[in-house]
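Q: Turn these sequences into a full structure, and let the hints guide you.
Here are the chains, one letter per residue:
Number of protein chains: 2
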Amino acid sequence: MSLISIGKRMPAQVVNKDLQNERNKCTFNQEEFTLWWVGGEEQLKEKRSRESYFESQPEFQDKVPLHFASHQELYEETVRKATVIFTKVKKLLTEQGKYDEKKYVHFMEALLGTGFIKEGNPLGIHFSMFIPAIVGHASPEQQDQYLKKALNCEIIGSYAQTELGHGTFLRGLETTATFDPQTDEFVINSPTLTSYKWWPGALAQTVNHCVVMAQLYSNGKCYGIHPFMVQVRDSDTHMPMPGIDIGDIGDKMGYKGVNNGYLGLKNVRIPRTGMMMKNAKLMRDGTYVKPSSSVLAYGTMVFVRVIIVRNMAQSLAKAATIAVRYSSVRRQSHINPELPEVQVIDHVTQQAKLFPLVAKAIALKLTSDNLWQMYERTTSDLNSGSLDRLPELHAIACCLKVVSTSDTATGVEVCRLACGGHGYLTCANFLNYYSLASAASTYEGENTVLLLQTARFLVKMWNQAVQGKQLMPTVGYLQNYVGKQVQQFPWSDSVPVIISAFQAVVANKLRIACQSIEKRKAKGATPEEATNMTGLELIQVAEVHGRWFVLQSAYEMFEKACQKASAPLVSVMQNLCKLVVYDEALRIRGDLLRFTTMTETDLVKLEQNYEACLQALRPNAVGIVDAFDYPDFVLGSALGAYDGNVYERLFAEAMKSPLNQEPVNKTFELYLKPLMKSRL
Amino acid sequence: MSLISIGKRMPAQVVNKDLQNERNKCTFNQEEFTLWWVGGEEQLKEKRSRESYFESQPEFQDKVPLHFASHQELYEETVRKATVIFTKVKKLLTEQGKYDEKKYVHFMEALLGTGFIKEGNPLGIHFSMFIPAIVGHASPEQQDQYLKKALNCEIIGSYAQTELGHGTFLRGLETTATFDPQTDEFVINSPTLTSYKWWPGALAQTVNHCVVMAQLYSNGKCYGIHPFMVQVRDSDTHMPMPGIDIGDIGDKMGYKGVNNGYLGLKNVRIPRTGMMMKNAKLMRDGTYVKPSSSVLAYGTMVFVRVIIVRNMAQSLAKAATIAVRYSSVRRQSHINPELPEVQVIDHVTQQAKLFPLVAKAIALKLTSDNLWQMYERTTSDLNSGSLDRLPELHAIACCLKVVSTSDTATGVEVCRLACGGHGYLTCANFLNYYSLASAASTYEGENTVLLLQTARFLVKMWNQAVQGKQLMPTVGYLQNYVGKQVQQFPWSDSVPVIISAFQAVVANKLRIACQSIEKRKAKGATPEEATNMTGLELIQVAEVHGRWFVLQSAYEMFEKACQKASAPLVSVMQNLCKLVVYDEALRIRGDLLRFTTMTETDLVKLEQNYEACLQALRPNAVGIVDAFDYPDFVLGSALGAYDGNVYERLFAEAMKSPLNQEPVNKTFELYLKPLMKSRL
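Going down the list, the protein sequences come from chains X and S.
Per full-length UniProt numbering, the first sequence starts with residue 1, numbered consecutively.
Per full-length UniProt numbering, the second sequence starts with residue 1, numbered consecutively.
No farther apart than 20 Å at their CA atoms in a straight line, the calculated lysine to aspartate or glutamate pairs in the EDC-like style are these:
#: 1; chain 1: S; residue 1: K519; chain 2: X; residue 2: D602
#: 2; chain 1: X; residue 1: K88; chain 2: S; residue 2: E669
#: 3; chain 1: S; residue 1: K353; chain 2: X; residue 2: E446
#: 4; chain 1: S; residue 1: K521; chain 2: X; residue 2: E611
#: 5; chain 1: S; residue 1: K564; chain 2: S; residue 2: E32
#: 6; chain 1: X; residue 1: K677; chain 2: S; residue 2: D236
Keep in mind that the hints were calculated from the coordinates and are not lab data.
Model, not experiment: these values are computed from the prediction.
A: Below you can see the structure in the form of C-alpha cells.
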C-alpha cells in the first residue's frame, strides 16, 4: 500500500521545529507555573507517578481506537479497562480502610478525571455517585452493611434519580415506594412509562445495586422523594431480579462507554431498612420522622457542582493546549507576501480565539479553588450548627456551574474550529471534550433552571437590602446600590474597577428586573407568573453575577500567587488576569455602556488594551499550555501532542482504520460494480 | 424482559393531546404557508411524491440504526443504500439526456439534501462536486469523454483539492503535475507528506476517478493550480492504480458515511489531455494558454455557497421543528403552584431560545432565495461579458456563508440543549444536524478567512466611496457615511429603521477600522501587517454587513409574500419578521448604543417589543414548524415526530440497542464477576 516511505508516516523522533522555537521563546519558568497549577510539589509528584504508571500498562492500550468500534464492542472494551483500573483501586481503598471525603475526592479526580478511558468509565458512577449516596444517606448501621462492600467492589451500584419524564424538577418524579406495614417492606413501582428511570450511568448492563429515588408513601400519605437501596441484578448470575425491567438507553453524543440505562420496577419489595435512613426515617408502624434539616441534600449538590467547575477548567485547558500547539505548527497563508506562510498563531484573529480561552481555563480553575474553600467553610459551619451561608453557597454554585459548563462547551468548539478541518477528526479529540462539557450543561441541574435559582436568591437579597438588612459576603455589594437614584458607575480601565463595574451591572439589571416583577404583579399576575414573564431579565442578572464571581476569584487568587511568584511569572499572571477581565468586559460592553460612565473612547481603549494582552501573551502561549502538564495520552489528540508531529500522527491514526486493512472493500463487488456496469 | 405491557412501548396511534391542542390553536392556514415555503404547488407535489416513494421503499429502512454499527459496518451499509438510490438516479439522468444546471441543482437537493441517508451519502460528492467539476472545467471534447459516463455512473468520481497541509489557502497546495513533452504526458506527484490529498468525500474506498487539483509545471515554470482527471482505481478490480496510495482518513464528528479519503501520487502519468481544458490550456509543445478570465472559478464557489446558505436554513428549520414539538409535549415544573406542570414551551426562557430560531431559519431561507436571484443575474451578466458585479456577489456570499453556518450550528445546539438530557441521545438527531452545520463552518472556505475576504472588499469600497466613486447596490449605503462627521443614526423602533441602523453600524465600524489600518501603516507596518493587526475589527464589520443583508432580504421577501398572503398569514409573517429583526438588534445592542441615538428607554422598549413577539408567536409555534412540512423519516428524531409520542418513541429506539438483545452481557463473566468476587 505504501509508496511514500513508511518513515514519513511514523511520528518522528524530534520535536517540530516551530514548536521548539516557541519553547525557546518562553520567558518564565514552567516548572514554577506547573507547581502552582497542580497545587504543590507533593501533588505534582503523585500526579506524575500515577500518569507514568497508567501510561506504561499494556492493558490500557487500545489496539484499534474505540471510535472505530460498534456500540456493543465499545461497551465491552470499556468494561474491560474499567475493571483493570478498579482492581487496582479496590486494593487502594481496602488498604485505606476508612472513608475520608477529602482523600476520596482527590482519588476520584485522579482516577476518573484524567482521561484514562476517553469514552467514559462504566464504573465511574459507582465511585462518583453510588458510594457518596451511601455516605450521604445511609444510617450508621446501613453504612456497615453497604459501604465496605461498595468500597471494595463486592457490590457495584448506580444512582437512579432522573426519569424519562422528569429531570431537574425533582418533585415531579413518579416512582413510588409504598410502605406495607404487614410485611415491614416497601413496594417500589414505576406506575407509568414516564416514571421509568432513564439516564443513570452503568445502570444498563453493569451494576447489580442501585440507590433509587422514589416518592415515599406511608399510611396513604406522600412524604416526597427519598433514597432506597434496590438490588437490580443477581449477584451470581447477573440476571435482572424479579420485577426489574432494565437495559440500555442507546447511543449518545458522548460518554459512549458509560452504559446509561433505564429501570422499571414492578412490585419490587425491599425491607423497610432498605430506605436510606441517615436523615429521614420510617418507623416500624409507618410513622415518618422528618430529617433534622434538609441542608445535607443541598450540601451534596453543591459539592458536585464544585467538582464540575473544576472539571470544566481542566477540559478547557486541555482543548486550549491542543489548539495552541497545533496553531504553532500549522502554517497557512502569508501576512507579508515575500515571506513564507506564517504560523496560524500569528494571525491576530487566531490569537483572539485561543488566548482568552487559555486565560479563562485558569480563571475557572482558580474559581473552583475559591468555591472549594467556601464549601469547606460552610461545611464546618454546618457541623457547628450554623446554616446561614448555605443559601448563598448554593446560589453561587448554581450560576458558576452554568458559566463554567457553557463557556467550556463553547470554548472547546472555538478551539476545534480554530484547528480547521482536522479539528473535525475524532482523533483530534475535541468532540470528546465538547460532549463532556455539553452534557454538564444539562446534568446536575439544567442550566437555565439553575440561573433562575440564583436569580431568585438575588431578588430575595435585593428585597432584604431594600429593607436595610445586612447581606452575605458574595452579595454584599448590592447594598451599595439600593435606595439610590440610578447612578452611572464611574468607569476606569484598572482591573479592580472593571470587576466592580460588573457589580454595578448586576445591581442595576437586578433593580430593573425587580421593578418588572412588581409592575407585572400590579397588573394582576401572580408572583410566579410575574417571575416567569421576567425570566429573560433574571437569567441575565444571574449570569453576570456568576461572571463577576469568576473575575473576582481569579483576581484574588492571582494576587495571592503573585506574592510568592518570581518576577517573570508575575508578569505572565498579571497579563492573564487582565486578559480574562478585558475579555469578559468586552462581552458585556452593551451593559457597561448603559450602567457605567464608559464612553466611546474608553471602549476603544479597552479594545486596544485587550489586543495588547494578546500580543503580550503570544511568546508564552506554548509555554503556558506546556506548563498545564498534560501528557500526550491524557490529551489523546493527534493535533496536540508534545512533539508537534501533527501530520505524521494524523496519518498514523488514519492507518488504524479497519477500512484501510484491505485494498478493496467488499462493497465494490456487492454494490458499486453492479451500479457502474448496469446498462439502462 | 418486559413487565410494563409492550403496548406502552410502541408508538401510540394517536397524537399527543398537548400537541393536538397546539394544532387546534393555530390561527393561519398551514397549507398556504407550506406552498410559500417550498415555492409553489408543483414543487410541493413533487416533494411529497418523492418523499412517499423513499419512505415506502423497504431497501432504505435500517433494521438496526447505524449509530450502533462499527465504522466499517456503517460505511458498508451507507454504500448499499447509496447505490439503491443512485440506480434510480442513473435512470433519471440518463433519460434526461442533457445536463441542465437548474434541474440538476433541484435534483441534487431533492436526493442529497433531505436526509435519506442521515450519515451522509458516499456517492454524494460524485454528484455535488465531481460532475460539476467536469461541467465547469472540461473542454467540450472532454465533456464528451467524461460527462455522460459520469452522469450514468459508469465511472464514479471525487474532487481532490484540500491537502493534509493546506485547505482554504489554495496557493499553498503542493501536489505537482509536471508536463513531460517527450511523452506528451503529465507526471503527478505528492512530493511531501503534507501534499497528500486529505478529506475528499468518497475518495477512500468508493471512487475510481478523481479530479485532482495540482500545481501545473511546464518547461520549468509553475502556472498555479489546475484540475487533472486521474483514474485512481481499476475499473474491474477496484485495486488502486500504479503509483496511487489511497485510503480512509478515519472517524469524524459527522458525515460518518461519507468515506473521506487520502490520496498520494507517485509518478502517476496521465495524458496531456487529462488536464481539464475548458479554461486554461497546455499545448503540445508545453506552451501555457491563460484562461480568458478567472471568473468562472469564482462563479462555482459562489454557487456552492448559495447552496450552503439554503441547506443551513433547512437544517435549522428541522432542529427547530424537533425542539418546538418536544417542548409542547414535555411538561416540567409549575408556574402556578396549584396548577399542573406546564408545557416547557410556556416558560418564557424556552420561548426565547426557540422562537427566534424558527424566525431565523425562515430568514436564512429567504436570504438564500435572494442570493440565488443575485447569482442568476450575475451569471447572465457574465454570459453577456460583464463581470462588474462578481466581486460584490462574492463578498456577500462569503459573509452569508459565515453567518448562516455559524448561526445554524449555534442554533441547533440551542435546540438540543432546550430538549434537556434527551437531546443528548443520538436518536434525537440533533448531533447529526450540528455536525453538518459545523462542518460547513470550515469547508468551502474557513469562516474567519471568508469574513476577512468580505472585509477587504468593504475596505476597498469605503476607499472608493471616499474618492466619490459610485458603489454597487449591496454596499451603496456606505456612500451615505463617507466624508461626514461621525453622526449618530436617528433610532426608532420601526423595522426598516432598525435595518438601516445596521448599515450605520457597519459604516461606522468600517470607518474606524480603516482609520486603524492607516494609523498602523503610518507607524511603519506594511499594508498586510496593518490589515492583520486590524483583524478583529474587520471581521466584526463583515459579520454585521452579512447580518444586515439577512435582515434586508428577509424584510423584502416577507413584504413581497405579504402582498399575496391571506390576512392571518400576513400577521404571522409580520411577527416573524419583527422577531428576527429585534433579535439581531438586541445581539448588537452595544453597537447600537454607540452608533445610533438609541437611549436606555429605547433599549428597554426594544426588549419589550421582542418579548411581545415571542408571546404573539406562541399559539402558532407548532403550526409554523408543522408547515415546514418535514416528514418524520426526514427529521429522523424520536423527539420531533408529528404524533408527539416522545416517550414511547424514545423507548422504542432504546429497544433497538444490540446490548438489549440479551439479558446478561458476556463482560459479567469475563470482567465484573472476577472483580466483585476477588478477595484482596
